[in-house]
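In case you want the letters, here they are:
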Amino acid sequence: MAKTDEKMIVNGKRIDDRELEETRPITIKVGVVNRATGSASVRFGNTEAIASVYGPRELFPRWMQESETGILRCRYNMAPFSVDDRKSPGPDRRSVELSKVIRLALEQATFLEDFPKATIDVFIEILQADGSTRVTGINAASLALADAGVPMKDLVTACSVGKIDGKLVVDLNGKEDNNSEIDLAFAMMGTKKKVTLLQMDGIVTKAELVKLIKLAEQTCEKIYEMQKKSLKEKFKRV
Amino acid sequence: MTEAVKEEKVDVVVPGEFISEKAGRKVGQGAYYEGEKVFAEVLGIPRINENEIFVIPLSGVYVPDVDDKVIGCIKAVEISGWSVDINSPYLAFLPLSEGVAGFVDSHKDDLSRFFDVGDMIFCKISKCTKSKTIQVSMRVIGAKKLYDGITIKVTPSKIPRIIGKNGSMISLIKQKTVCDIIAGQNGVIWIRGEDKAKAIEAILKIERESHRIGLTERIEGMFV
Amino acid sequence: MEERYALELIEKNKRIDDRKFEDFRPITIEQGIIQKAEGSARVKLGDTEIIAGVKMNIGEPFSDTPNEGILIVNSEFTPLASPDFESGPPGEDAVELSRVVDRGLRESKCIELEKLCITPGEKVWAVFIDIHIINHQGNLLDCAALAAIAALLKAKMPKIVDEKIVREDYEKDLPVVAKPITITVCKVGDKFIVDPILEEENILDSKLTIAVMDDDRICALQKQGKREFDIDDIEKMVNIAIKKSGELRKLLD
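Residue numbers (our numbering), protein chains in the order written: chain R, 1 to 238; chain L, 1001 to 1224; chain H, 2001 to 2253.
Note that these hints are calculated values from the structure, not bench results. Just to be clear, a hint being listed does not mean it is correct.
[Claimed, not checked] Straight-line C-alpha distance at most 20 Å; calculated PhoX-like pairs for lysine-lysine:
1. R:214 / H:2236
2. R:193 / R:211
3. H:2109 / R:206
[Stated by the list, open to error] Reference excerpt, derived from the structure (chain R facing chain H, CB under 8 Å, subset only):
4. 3
5. 189
6. 191
7. 197
8. 200
9. 203
Think of the CB as a built atom: it goes at the ideal place given N, C-alpha and C, for glycine as much as any other residue.
Construct the complete structure from the given sequences, taking the supplied hints into account.
Right, here's the structure in full:
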């Protein structure tokens, strides 16, 4: 998607009619891939991610095993039809980097020491990309890990915040992402508030950064409540 | 006429959720503590009693523990024993001395005549090291090779519910379906007999609804 | 084991090579060392050594920026630099390093990409920055980012004669108008250090890489490392980065 000259904020409302600090409609479903040990799908507006977790399972080749602790492996991938210009299948540099940072974001909350020599494999597929794909993927993956019964210190909750047309906003969609002055991805442990992912592009003053982090924390608190509710609801009614 | 569905208050906790103050109690499976506060580490049902705080996971793989009775499948015949798949991220080993009573000359005898690849056995976890090297043994009362029948897998944490208090639930199913049923703590259940399909249906129903009240009545209702 | 020793020292407010927490190792910057490249620099942070080379080619612009030149950053974790590096395509660490260095350069707009347009919509200059790790003794990212900007600052643009590039006959300098500096601040326990050597890298909890512009605004952030940090740590680490970036920027004058 190209940069446009279009104004991103008109009369205090964003192009999709949202308030500055309003997230897009969020839908969460837990247990969507029944072959997987755990799974979940999360939608933020038109961005949709599915995550599956397999394991803990024995790790091969053996030389990769850590005798004291398990490992977490993560693959973030965008489906070819998820974007405007078809994306060739297979990993590109962006997917490689995002797979790494997402893995670290989840690993920090997982009790890997409980599974020496084993691996927990996390697969994230972005089915529709309209901005903020990595944080949508992290929200789905964290739910999938809980659904799989993997011991975790906390759920991991993520959101994007940024600056468009001079104003600080939350949950950037695709167009806003491309035309933003600042685009920041943030993930934290839902209740412990420890930061597990932080990436930013753009130009920000220190003061703006402090404000953005606060906004991100508050937004994550709301998303955490939704994650918690979806997990509990899976077992309420049969 | 539509039945009114009762919203049952199920006390499910998510990872990271606060359960209780430690107050000198043991923190068991599915929970962890920081200082005096105990939190859940898995999605499950918390249990608090005067000695222990733990969480029954609603899902998750089988993590072996010493003395567990499990159903395994022989994966390979090795030089001095057999490797056994116990439905876990960890492969177990059944040493010759733990599988067969009496002297066996492993140079002369072909070990597969005792246990061959694909055989199902009901055995006990005899050793489990910190880095999860697992050893099983057949030299326990009740251990045996399982002939014929079929096996199904359920979430290991549901096994206690499937067995029931003093074995009441599993006995009910055995009786009503005229089947032999053995439930391993590793989530593997062996069934042999007449109405296997009905037995499986009942077992899967318990697995799905294990956290809801009135389960015993609903299972009994299946056999009317 | 040196790593355990490094951790013990930090807990006692010391470091294994006697530095203060906010000290960098001795830094040397040499520019213009590779004749065949349009720009180049060798940077050493202590024993960590990286060479960055700038090569320019003519290419097609991206469809959404038809009047702008292209910037591509690539890095090689060459096997000669460390027993842990293997031959083959870039692994995730090499990809991450390239992309974070790229962000610092791109978001700060240090290269005037509009001045690299030859024929709008058809031909533009492509600036390739290749980062070659020569010796890995910790803190590759800060070293690489410094080498990249050092190479760019003295880079020259080749001439175009009869639609062909004539190298080594330089017309003018590459239009570089800013000096973004990347500082990675590391958390060990409850302490913050900069420029970790290899032993320290293996025991630190988490790191935040911060790219700082000439006016102290921040143009890139990347959290790395296996452990988490507190929300309040962010501002502390940014403060340290802003302070150190000023010192490093002076070395490029």
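These are the hints, each one checked on the structure:
Restraint check for residue 214 (chain R) and residue 2236 (chain H): satisfied, since their Cα atoms lie roughly 15 Å apart, inside the 20 Å limit. A hinted pair counts as satisfied when its Cα atoms are at most 20 Å apart, and residue 193 (chain R) with residue 211 (chain R) qualifies at roughly 16 Å. Our distance criterion of 20 Å between C-alpha atoms is met by residue 2109 (chain H) and residue 206 (chain R), whose separation comes to about 19 Å. Annotation: residue 3 (chain R) was flagged as interfacial toward chain H, and the flag holds, the nearest CB pair being 6 Å apart, inside 8 Å.
Because the smallest distance between the Cβ of residue 189 (chain R) and any Cβ of chain H comes to about 7 Å, under 8 Å, the interface hint for this residue holds. Checking residue 191 (chain R) against chain H by beta carbon gives a least distance of about 13 Å; that is not within 8 Å, so the hint is violated. Because the smallest distance between the Cβ of residue 197 (chain R) and any Cβ of chain H comes to about 6 Å, under 8 Å, the interface hint for this residue holds. The beta carbon of residue 200 (chain R) comes within 4 Å of a beta carbon in chain H, closer than 8 Å, and the hint placing it at the interface holds.
Annotation: interface hint on residue 203 (chain R) holds; nearest CB of chain H at approximately 5 Å, less than 8 Å.
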